[in-house]
Structures are given as C-alpha cells and as structure tokens.
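Chemist: Sequence:
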Amino acid sequence: MRSTWRRCNRCNASTDGGSTSSPSRRRYASCSSASICAHRGFHGPSGEATPRHPGDSIATEQRICASQRWNEANRAAGSRTVARIDTVTTCFHHSDRETGRSCTRCGRPACPDCLREAPVGAHCFECVRAARPPARQRVRRWNATAGPLATKVLIGLNVVTYLATAAGGGAGGRGGDLQSRLSLYGPAVARGEWYRLISSGFVHYGLIHIGFNMLLLYQLGLMLEPALGRTRFLALYFAALLTGSFAALLLSPAVVSGGASGAVFGLFGAAAAGLRQRGISVMQTGIGGLLVINLIFTFVLPGISIGAHLGGLAGGTAAGWFMLRPSSTRRSAVAGLVVAAVIIGAALAGGVWAARA
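Heads up: the sequence shown begins at 14 in my numbering, then just goes up one per residue.
Source of the hints: derived by calculation from the structure; they are not laboratory data.
There may be inaccurate statements among the hints.
[Stated by the list, open to error] Label-pair restraints from in silico Cβ distances:
#1 ALA144 to ARG243: 28 to 36 Å
#2 VAL166 to GLY299: 22 to 30 Å
#3 THR244 to PRO339: 36 to 44 Å
#4 ALA354 to LEU191: 23 to 31 Å
From a predicted model like this one, the values you see are computed outputs, not experimental measurements.
The beta-carbon is built from N, C-alpha and C at its ideal position, and this holds for glycine as well.
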C-alpha cells in the first residue's frame, strides 16, 4: 500500500488521502473532485461528504482546517483594506479643503464654511442664493404695468382747468378772464406774474386742442411713468413745460399762448432719448412717427407756438437723456433728478429774463 497526500477541492487543504490500494479510494482518487476535507470528511465525485470510517465523522466535524482559517483571514483583511481605500473629496468651492459633507440639494461636496443649515440637511451657498427671491428693485421696463397715477393727475388738472375756463367764457377762444390770467404773456410775466410760466401749460383753446394733447400725454405717460417713477416723471414733465414757456417768450414774448403741447413734446424727446440709449431705432417705433407728424403740424398749421414745441422738445430730450439711462443704480437716478431740477431752475430764470428783455 502506498500513502498519498491529496488536496481538498473545496478548502484547498492538504490531507492524508491514505492508501491507494483500496478500490474505492483509488476510484475516488482518480476522480478530480475526490478529496478529504477537515470539516466535511471525504467528498465524492458529486460533492457529498462521506467519512472514511464511522469514527471519522465527529472528528472531522470538530477539526478546523488551518488553510481555510488562513483563507478566511486573508479575505477579511482584504475587505478591511478595500474599506480603507476611499476617494478623497474636496469642497467644490475650496479645492484645498477635504470634506465628507455634501449639499443635500445639488449633491456637491462642500466644506462647513460653504454649507448653510436647512430644515432638511444643509445646502451650499449657491443653492441658497438660487432659491432666494430677488431683492426688490425698480425695473425700467417699457411695458411695465404699474398704473400711471401722476399722468392721470396731470390729465385731471388739465381737464379741470379747461372746464373752469369754459365756464368763464373762454373755452372757444381767448377772451375769458380766467383764461387770460392763466395764459402765457410776456408783459404780464415781466410785471411779476411768474406763475404764468407754469399755469399756461394747463390752458387749452377748444376740445380738439385739449383732446389731442391729453391723448398723447396718456400714451407717453403710460410708457414713461412706470420706468421713471412718479417723482422723476413729474420732474421731467415740468422741465419740458418750463423750457417750452421760456422758448415761447424768447421767440414771441408779446403773444398770448397756452397748452400742454410743449410738455408733450418734451415727453416725446425723453422717450426718443431712452430708446436711443437702448439701441432701439426711434423710427421703427410709434414714437418716431408721431414725433415727425407733430413737427410737421408745428410748422404747417397756423396759430401754433413754434417756440413752445421746440423748447419743450429740447428740454425733455436733455432731461430724459440723463433720467432714462439703462443703469438702475441709485446714483444715476439721483443724477437724472438733479439734471431735471437744474433745467427747471434755468428755465424759470430764463423765462423771466426773456419777458423783461
């Protein structure tokens, strides 16, 4: 008999296979799956455990294969080694900071300085900034929907003044007493009636005159007042009105005149300046066409104060150029208001000077 060592096909352990003289052992030895396992005894070709003799069953079950314990230890050590090999993550904003935390909204790794506590988890500052509502600010839009309250008040003052002058007999001409005392007249301004420089902008001669001016005032106010705000819109309006009165006295101081057309022309000029600053062609909008038509009427129709129209256009354009800049900073808004105030003061002084000249 010859004793041989065989290796367990399941646990890879080397065991004494015994003598090869036994037919059964030779048969199993010749089979590639036959071996002796310390845990399960002798394995046949089909893998079932078969003890070599009755006493081997208990002994083999109690015996622990040294090679199996070594393999298990290696596998456990390998799993621990894999667990220790971890990818080092850094903050998305600070690349030099390692972190184990991440934003619960976008999932990006972030350090504690970049995280903001949230009701659920923590959010990075960019997610917090994106979810925060924008700060309230005045947006200069041509299609803004805020109601033009100042425009409506101006229209109301013009209508009330017209009704008051009509009740005094001056609606169809220039013979009413109230109308005469409110109209622009150079000698009266020279005598100290400076209020005529402003009141003349609310006097109208006939329904067509006031109707056409109020229609244009409403259309322009609907566009400009939401973009400027009530205070600056009123400053723009009176700057154009007063420069129109100044130019009217400069060209024809002895002529009685009145109407809101000088202020309306100023709004035309301001709208054109605002469109031009935004790179929009004035002639491709309704503003350019209306302005051209009104300029033609100024020089063609009789009884129209050319000085008031041109002066209001110049004053409104100058004020609007500074007041309707695309920049929405507070400094630019204050600068535009200051320019309008300077124009108002200069027009008042110029009107008095022109009336006395």
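Chemist: Indicate, hint by hint, whether the structure satisfies it.
Modeler: How the hints compare with the structure:
1. ALA144 to ARG243: 28 to 36 Å: Holds: the Cβ-Cβ distance is about 33 Å, inside 28 to 36 Å.
2. VAL166 to GLY299: 22 to 30 Å: holds (24 Å)
3. THR244 to PRO339: 36 to 44 Å: violated (20 Å)
4. ALA354 to LEU191: 23 to 31 Å: For LEU191 against ALA354, whose Cβ atoms are near 30 Å apart, the range 23 to 31 Å holds.
Going through the hint list in order, the structure does not satisfy hint 3, though it satisfies all others.
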